[in-house]
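Number of protein chains: 2
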Amino acid sequence: MNLNEPFWFELVAQQGKARAGILHTPHGDIPTPVFAPVGTQATVKALTPAQLDELDTPLILANTYHLYLRPGDDLIADMGGLHPFMGWERPILTDSGGFQVFSLAKMRKVDDEGVTFKSHIDGSMHRLTPEKSIAIQENLGADIIMAFDECAPPYDREYNEQAMARTHAWAERCLKAKKRPDQALFGIVQGGAFADLREQSARAIAASGFPGHAIGGLSVGESKADMHAMIEVVNAVLPDDKPRYLMGVGMPDDLINGVWRGIDMFDCVLPTRLARHQAAMTPTGRINLMNAVNARDEHPIVEGCQCYTCRHFSRAYLRHLIVAKEMLAATLVSIHNIHTLLDIARGMRQAIIAQCFDQYAREFLMHLAQPQTAGDAIPGLS
Amino acid sequence: MNLNEPFWFELVAQQGKARAGILHTPHGDIPTPVFAPVGTQATVKALTPAQLDELDTPLILANTYHLYLRPGDDLIADMGGLHPFMGWERPILTDSGGFQVFSLAKMRKVDDEGVTFKSHIDGSMHRLTPEKSIAIQENLGADIIMAFDECAPPYDREYNEQAMARTHAWAERCLKAKKRPDQALFGIVQGGAFADLREQSARAIAASGFPGHAIGGLSVGESKADMHAMIEVVNAVLPDDKPRYLMGVGMPDDLINGVWRGIDMFDCVLPTRLARHQAAMTPTGRINLMNAVNARDEHPIVEGCQCYTCRHFSRAYLRHLIVAKEMLAATLVSIHNIHTLLDIARGMRQAIIAQCFDQYAREFLMHLAQPQTAGDAIPGLS
Numbered sequence: 334m335n336l337n338e339p340f341w342f343e344l345v346a347q348q349g350k351a352r353a354g355i356l357h358t359p360h361g362d363i364p365t366p367v368f369a370p371v372g373t374q375a376t377v378k379a380l381t382p383a384q385l386d387e388l389d390t391p392l393i394l395a396n397t398y399h400l401y402l403r404p405g406d407d408l409i410a411d412m413g414g415l416h417p418f419m420g421w422e423r424p425i426l427t428d429s430g431g432f433q434v435f436s437l438a439k440m441r442k443v444d445d446e447g448v449t450f451k452s453h454i455d456g457s458m459h460r461l462t463p464e465k466s467i468a469i470q471e472n473l474g475a476d477i478i479m480a481f482d483e484c485a486p487p488y489d490r491e492y493n494e495q496a497m498a499r500t501h502a503w504a505e506r507c508l509k510a511k512k513r514p515d516q517a518l519f520g521i522v523q524g525g526a527f528a529d530l531r532e533q534s535a536r537a538i539a540a541s542g543f544p545g546h547a548i549g550g551l552s553v554g555e556s557k558a559d560m561h562a563m564i565e566v567v568n569a570v571l572p573d574d575k576p577r578y579l580m581g582v583g584m585p586d587d588l589i590n591g592v593w594r595g596i597d598m599f600d601c602v603l604p605t606r607l608a609r610h611q612a613a614m615t616p617t618g619r620i621n622l623m624n625a626v627n628a629r630d631e632h633p634i635v636e637g638c639q640c641y642t643c644r645h646f647s648r649a650y651l652r653h654l655i656v657a658k659e660m661l662a663a664t665l666v667s668i669h670n671i672h673t674l675l676d677i678a679r680g681m682r683q684a685i686i687a688q689c690f691d692q693y694a695r696e697f698l699m700h701l702a703q704p705q706t707a708g709d710a711i712p713g714l715s
Numbered sequence: 334m335n336l337n338e339p340f341w342f343e344l345v346a347q348q349g350k351a352r353a354g355i356l357h358t359p360h361g362d363i364p365t366p367v368f369a370p371v372g373t374q375a376t377v378k379a380l381t382p383a384q385l386d387e388l389d390t391p392l393i394l395a396n397t398y399h400l401y402l403r404p405g406d407d408l409i410a411d412m413g414g415l416h417p418f419m420g421w422e423r424p425i426l427t428d429s430g431g432f433q434v435f436s437l438a439k440m441r442k443v444d445d446e447g448v449t450f451k452s453h454i455d456g457s458m459h460r461l462t463p464e465k466s467i468a469i470q471e472n473l474g475a476d477i478i479m480a481f482d483e484c485a486p487p488y489d490r491e492y493n494e495q496a497m498a499r500t501h502a503w504a505e506r507c508l509k510a511k512k513r514p515d516q517a518l519f520g521i522v523q524g525g526a527f528a529d530l531r532e533q534s535a536r537a538i539a540a541s542g543f544p545g546h547a548i549g550g551l552s553v554g555e556s557k558a559d560m561h562a563m564i565e566v567v568n569a570v571l572p573d574d575k576p577r578y579l580m581g582v583g584m585p586d587d588l589i590n591g592v593w594r595g596i597d598m599f600d601c602v603l604p605t606r607l608a609r610h611q612a613a614m615t616p617t618g619r620i621n622l623m624n625a626v627n628a629r630d631e632h633p634i635v636e637g638c639q640c641y642t643c644r645h646f647s648r649a650y651l652r653h654l655i656v657a658k659e660m661l662a663a664t665l666v667s668i669h670n671i672h673t674l675l676d677i678a679r680g681m682r683q684a685i686i687a688q689c690f691d692q693y694a695r696e697f698l699m700h701l702a703q704p705q706t707a708g709d710a711i712p713g714l715s
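Order-wise, the sequence lines are chains A and B.
So the mapping is simple: the numbering used here equals the position in the first sequence, first residue as 1, plus 333.
So the mapping is simple: the numbering used here equals the position in the second sequence, first residue as 1, plus 333.
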């Protein structure tokens with residue numbers, strides 16, 4: 334415990350590898366396990382900060398790449414940083430821009446110094462380096478910022494060896510570049526789907542003294558079994574007293590399986606992206622609200638769900654909004670989907686504290702209609 | 334006063350022709366003057382009912398034409414009516430479908446019995462009659478429903494004579510067709526921009542014994558001076574003890590000028606439509622938030638405005654959302670624009686009760702940057 338630091342991680346309970354904790358930040362406490370909705374352009378799409386607050390959202394993520402390009406991190410700094418700019422008073426995490434450059438930019442050229450790329454918005458040329466990424470993230474002013482890393486395709490060994498070495502070198506440069514004392518810089522483990530590289534990367538990153546650690550380069554095309562295996566390898570190395578963040582992951586079964594293996598934090602665009610494509614999350618899997626079967630269905634998306642949407646609106650109404658192309662559809666389904674993931678995180682936390690996480694996880698996965706996640710998901714749970 | 338009726342109008346204060354009142358309905362009291370935001374397809378675009386409630390919206394309007402075509406009034410009836418369907422517990426008003434058929438349908442053919450038209454959605458053929466309009470509105474279940482009328486171009490005398498005669502005949506048929514005791518059916522005065530026709534129409538409609546009266550066929554292309562003149566002619570005839578509703582009108586200066594002439598109720602798509610086109614309402618007129626001058630403007634749309642948007646967000650943030658094509662822009666600007674009109678209605682009500690409406694109106698119009706409304710607007714006020 335370190336009461337003088339603006340940022341520290343407190344372990345509250347543990348069961349097996351699953352942990353319940355509190356991440357203390359300058360903008361308040363984050364109970365873990367936690368799921369963070371994504372607000373790419375300084376807005377969680379279709380939702381007001383008040384609606385996110387009503388959902389009791391402990392943490393949101395914003396994207397450095399997008400905000401650097403538009404409206405510009407200097408503008409956001411002039412406005413006092415992301416928190417006042419977007420009207421969100423609770424904790425924020427920004428990614429480093431690395432993953433987005435590799436997946437979104439029109440053209441990119443990596444060298445040991447950094448990455449040169451063309452904006453996906455207007456084709457203009459830009460350059461990101463570890464130092465530049467930290468400078469941008471210091472302008473944005475999130476509570477948790479991320480080291481600049483290189484993410485490689487999961488099964489390309491040579492590429493992963495090279496990207497991992499760069500990621501480690503860049504991690505050190507990020508630590509040196511960081512100036513603000515009120516932000517926590519997390520290191521990122523890479524290594525693709527290769528257990529030996531992952532272990533090597535976890536040791537290197539853990540040795541650098543970051544206050545928190547992330548696992549990058551997963552959920553990018555590898556199998557679920559490989560994802561689980563990599564999490565296990567990495568978490569066996571990462572120190573227990575610091576938070577562990579599985580980046581870009583957010584299917585309900587992934588949350589369960591991640592926490593089972595010692596993950597504390599998640600983020601994903603899934604709940605809001607699905608919502609904009611008419612898909613609602615339920616305990617038995619996704620449903621497409623556009624389907625005609627919902628046309629006269631008076632029931633909410635999930636009976637007994639305590640979200641605003643399920644307390645007030647029928648599937649019939651939501652389908653009407655979707656068919657009539659009304660914006661409110663995206664808002665209401667986003668509320669439900671985010672609530673679903675936040676509630677899974679809250680449920681896991683309670684279960685870990687009550688020492689019944691085994692049972693919680695087993696029952697949750699049994700009800701999911703996707704059989705691929707129920708079988709190989711939890712080792713020792715048959 | 335009529336405490337046994339589900340619907341009655343109570344006059345609270347009067348100054349000149351301006352009135353402050355309360356419209357009692359089965360879903361609660363509506364303080365007047367009142368502005369009703371429009372929820373065409375059973376949703377005020379981009380807003381949740383909770384957000385409308387937070388704005389203290391006393392009344393919303395929904396469109397019979399749209400809801401009849403999609404999702405269908407029978408479906409809404411099966412879901413218990415519009416109130417539970419759209420999750421709105423306060424009063425609702427539905428129009429008759431007449432105006433929409435005349436302005437939106439792909440093709441229409443009017444006869445003395447009704448109107449045959451092609452849906453703007455899929456080109457299918459439909460027929461609306463006074464009886465059918467009432468049946469649909471009884472299925473929808475709004476608190477206030479409207480007589481089926483024919484709206485003619487304001488300066489076509491022959492067309493207006495014919496349309497007015499039809500409107501009067503149809504008004505009687507609507508009264509006969511109406512069955513539900515928990516809805517108030519309002520009659521509609523037509524007559525274009527012709528004072529003698531307007532007077533004649535007001536006498537005919539007033540004689541039919543409706544519990545409330547509307548002025549239709551204004552704000553459809555006539556001059557403001559003509560609009561004001563027609564309101565004066567009609568309101569001199571309509572009885573004082575029943576509410577007067579100016580349909581489809583909702584510019585800030587129109588609200589002032591309408592109340593000055595004895596109007597109690599307004600509705601308009603303007604605040605939400607403007608919001609989706611980056612225009613925000615201010616006491617000095619509209620501003621385009623997309624303009625570059627707003628890029629680094631830390632101020633809210635209106636300094637001191639008490640709406641959620643102005644309390645939390647800068648013009649810079651709103652412009653960013655607009656440039657980045659984020660849905661939240663429409664939501665936040667809609668909140669501000671609706672608040673602006675609701676607040677004008679509330680301000681007028683307080684001013685009438687305090688017997689200072691003259692001064693309120695004069696100061697309001699003086700600050701508006703649109704000179705065309707400040708000069709000829711209020712007779713005897715300059």
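Any given hint could turn out to be false.
Computed far set for chain B versus chain A, every beta-carbon distance over 12 Å [as the list claims (entries may be wrong)]: (1) E343; (2) Q384; (3) E387; (4) Y488; (5) A498; (6) Y650; (7) K658; (8) H700.
Capping the alpha-carbon separation at 30 Å, the derived lysine-lysine pairs in BS3-like fashion look like this [unchecked claim]: (9) B/K465 / B/K442; (10) A/K658 / B/K350; (11) A/K378 / B/K378; (12) B/K658 / A/K439; (13) B/K451 / A/K378; (14) A/K512 / A/K451; (15) A/K465 / B/K658; (16) B/K378 / A/K658; (17) B/K557 / A/K658; (18) B/K658 / A/K451; (19) B/K451 / B/K439; (20) A/K350 / A/K442; (21) B/K658 / A/K442; (22) A/K658 / B/K512; (23) A/K451 / A/K465; (24) A/K658 / B/K451; (25) A/K658 / B/K658.
Each pair of labels, with its calculated beta carbon distance range [to be verified]: (26) B/E636 / A/Q639: 35 to 45 Å; (27) A/G554 / B/H453: 20 to 30 Å; (28) A/P616 / B/D445: 23 to 33 Å.
What the hints contain is simulated information worked out from the structure, not anything from laboratory work.
All C-beta atoms, glycine included, are put in the ideal place defined by N, C-alpha and C.
Is the hinted range of 20 to 30 Å satisfied by the C-beta distance from A/G554 to B/H453?
violated, 45 Å
Verify the proposed pairing of A/K512 with A/K451, using a straight-line Cα cut of 30 Å.
Given pair A/K512, A/K451 holds - Cα atoms ~28 Å apart, limit 30 Å.
Regarding the pair B/K658 and A/K442, is the alpha-carbon distance no greater than 30 Å?
holds, 29 Å
Given the hint that B/K658 pairs with A/K439, does the C-alpha gap stay at or below 30 Å?
holds, 20 Å
With d taken as the least Cβ-Cβ distance between B/Y650 and chain A, does d exceed 12 Å?
About 6 Å separates B/Y650 from the closest Cβ of chain A, which leaves it inside 12 Å; violated.
12 Å cut-off, C-beta based - B/Q384 kept clear of every residue in chain A
Violated, because the least Cβ-Cβ distance between B/Q384 and chain A comes to about 8 Å, which does not exceed 12 Å.
Check the following: the C-beta atoms of B/E636 and A/Q639 are separated by a distance inside 35 to 45 Å.
With Cβ atoms ~38 Å apart, the hint holds.
A cut-off of 12 Å on Cβ-Cβ distance, and B/E343 was said to be off the interface with chain A. Does that hold?
Answer for B/E343: holds, closest chain A Cβ roughly 31 Å.
Taking the closest pair, is the beta carbon of B/K658 still more than 12 Å from chain A?
violated, 9 Å
Assess, step by step, whether the Cα of A/K378 is no farther than 30 Å from the Cα of B/K378, and give holds or violated.
holds, 16 Å
Take a quick look at whether A/K465 and B/K658 sit within 30 Å of each other, Cα to Cα.
Status holds; Cα separation ~27 Å.
Straight-line alpha-carbon gap A/K451 to A/K465, limit 30 Å:
holds, 16 Å
This entry does not satisfy hints 2, 3, 6, 7, 10, 13, 17, 20, 22, 27 and 28, going by the numbered hints stated previously.
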